Every structure is written in C-alpha cells, then in structure tokens.
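**Q** Starting from the given sequences, assemble the full structure and let the hints guide the process.
Going line by line, the protein sequences match chains A and B.
Going by the numbering used here, the residue at position 104 of the first sequence is 104; the numbering climbs one at a time, nothing skipped.
Going by the numbering used here, the residue at position 103 of the second sequence is 258; the numbering climbs one at a time, nothing skipped.
A few of these clues could be false.
[Unchecked claim] Between beta-carbon pairs, the in silico distance windows are:
1) B/D238 to A/G9: 37 to 47 Å
2) B/S253 to A/Q121: 33 to 43 Å
3) B/G217 to A/T114: 44 to 54 Å
4) B/G217 to A/V7: 40 to 50 Å
5) A/S112 to B/D238: 40 to 50 Å
6) A/V7 to B/S255: 50 to 60 Å
7) A/L4 to B/L242: 42 to 52 Å
8) A/K36 to B/S255: 24 to 34 Å
9) B/S179 to A/I11: 28 to 38 Å
10) B/F201 to A/T114: 24 to 34 Å
11) A/V7 to B/L221: 32 to 42 Å
Quick caveat, the hints were computed from the structure, so don't treat them as lab data.
Quantities reported herein were computed from a predicted structural model and do not represent experimental measurements.
We put the CB at the ideal spot given by N, CA and C, even for glycine.
Residue-level listing of the chains:
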Amino acid sequence: VDVLSLVAGWIVAVFVGAAGAVILWKLLTNQIKLDKLISEPNGDASLSRFQFLIFTFIIGMGVLVVTLRQSPPALPEIPVGILALLGISAGSYVVAKGIQVQRDTRFEQIRSDTAKAVAEQAAATSVAPNGATGVATGPLAAVAPASPADVGTGV
Amino acid sequence: VNTLASVLTIEAVVFVAALVLLVSYRLITGEINSIALLSDKGTREFSPARLQLLVATVLAAGYWFLKVLSSAAGNQLPDVPQDLVLLLGGSHTLYLGSKSLPLLPRQLS
Numbered sequence: 001v002d003v004l005s006l007v008a009g010w011i012v013a014v015f016v017g018a019a020g021a022v023i024l025w026k027l028l029t030n031q032i033k034l035d036k037l038i039s040e041p042n043g044d045a046s047l048s049r050f051q052f053l054i055f056t057f058i059i060g061m062g063v064l065v066v067t068l069r070q071s072p073p074a075l076p077e078i079p080v081g082i083l084a085l086l087g088i089s090a091g092s093y094v095v096a097k098g099i100q101v102q103r104d105t106r107f108e109q110i111r112s113d114t115a116k117a118v119a120e121q122a123a124a125t126s127v128a129p130n131g132a133t134g135v136a137t138g139p140l141a142a143v144a145p146a147s148p149a150d151v152g153t154g155v
Numbered sequence: 156v157n158t159l160a161s162v163l164t165i166e167a168v169v170f171v172a173a174l175v176l177l178v179s180y181r182l183i184t185g186e187i188n189s190i191a192l193l194s195d196k197g198t199r200e201f202s203p204a205r206l207q208l209l210v211a212t213v214l215a216a217g218y219w220f221l222k223v224l225s226s227a228a229g230n231q232l233p234d235v236p237q238d239l240v241l242l243l244g245g246s247h248t249l250y251l252g253s254k255s256l257p258l259l260p261r262q263l264s
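**A** This is the structure we're talking about:
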C-alpha cells in the first residue's frame, strides 16, 4: 500500500508539475492571453474584477504560506472573516452590475425619447407657414410624419 | 515521502509566485488592459469613489497578508478583524452609492 501511495503521489506530482509548467509557458509566450484579464465585455477595465484578482492572489498566497509552515503540510481552515470579505466583494460586484444595466437602459430610453421628440419637432417645423405640406429632408426625413394630420400629435 | 512533499511544495510555490509576478509585471507595463479602471462608466470621468475602493482593497489585503506572515499560530489562517470588514463594507457602500446617485437626476430630467 505504501508503494502504491508513493507511486500515485509521484504521478500526481509529475502531472501537476507538467500542467503548471505548460500553463506558465503558454502564459509567457502569450498563447494564453492575459490582456483582458480584468476587462469587461466593452473593453473597459473592471474594478470588481481587479479586486477579485487581488483577493485571490493574497488569500492564495496566505493559504500557501500557512500550509507550508506546518510539518507535515496540511490545509488550514478558512476563517469566516475571509468568507465575509469575499462575500462583500462578490455582492458588491453583482449590485454594481445591476446598477450599471439599469443606468444603461435608462440612458438608452432617454436617448431614444429625445431623438423621437427632435424628429417630431423637425417634422412640425417642416410645414410651410401658408399651410402647405413641406417635405422633410436630411437625416430626419426618415422619421418625419407621413401626413399633415400626424404633425403635432404625440408630443 | 519527504522528497515527494518537497517536490509538490516547490511546484506550488513556483507556480503561484510565477503567476503573481507575471500578472503584476503585465499590469505595470500595460499589457493587461487597465483602461478606465478608475473612471465612471457612464460619464467617463475620474471617479474618487473608485479610487477609495481600490485603496481600501489594497490596504485591507496587504494588512491581512502581513498578519499571515507575522502570525504566531502557524497552523491557522488569521481571521479578518471586524473593523477591517466594516471598513471594506463601508467602502463598497460608498462606491455603490456614488454609482447609483447620478442615476437620479438623469432619470428625472
């Protein structure tokens, strides 16, 4: 059994070492790209992702230090405070995303309403003073009303 | 068995250390995108709320890691002090508050 454990241990050690080496090599040679590690889909860097990165590295190194300090090495228990810290960070990320989506949706709605109002105003001013129906031209022509009856309604 | 433990230890240390160094280096040299990290996503202006959250995060993480290094109880991770959790909670609240406040006047306009 001892020999079997030893062989299994060495297989795991070789596998983990090889996997780690391959990952590091691919990272170094840019076959695994890191440039968008903390970016959002729109290309901007995300503070929440950066925060997760910091916590991951710090807690990972902390666990490593404490594990290696023991003889024989053993994984330590994770204190509740660390889980609370990660929970605050994750919760903040989710709430921030919710606010961002709500804000983007609202901005889009305001932009759309404004464009519609401008188009309607332009269509109204395109009617000649003598009552003749004007023809809207330019970029607003596509949203100009089809008939004089439509002018002035819906604002 | 001791040799095996040493090999695994070295592997873990080298991997984590290399990863931390590589990511830190690329962050510093700009190879990892950090554009608009401290800018408001709506107005595209510098955001003090983001800066304070970043500072609080770095300070809290650094403080905790120093506690790990100087911990007398070698076999346990040190717990995070209550004050530190409150500090980070407050910092996040401020950040989220600043993120949601500009929403109101624009919604009303």
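**Q** Now tell me if each hint is right for this structure.
**A** To see whether the hints hold, each was checked on the structure:
no.	hint	in the structure
1	B/D238 to A/G9: 37 to 47 Å	43 Å, holds
2	B/S253 to A/Q121: 33 to 43 Å	35 Å, holds
3	B/G217 to A/T114: 44 to 54 Å	47 Å, holds
4	B/G217 to A/V7: 40 to 50 Å	42 Å, holds
5	A/S112 to B/D238: 40 to 50 Å	47 Å, holds
6	A/V7 to B/S255: 50 to 60 Å	58 Å, holds
7	A/L4 to B/L242: 42 to 52 Å	51 Å, holds
8	A/K36 to B/S255: 24 to 34 Å	27 Å, holds
9	B/S179 to A/I11: 28 to 38 Å	33 Å, holds
10	B/F201 to A/T114: 24 to 34 Å	27 Å, holds
11	A/V7 to B/L221: 32 to 42 Å	41 Å, holds
When held up to the earlier numbered hints, the structure conflicts with none and fits them all.
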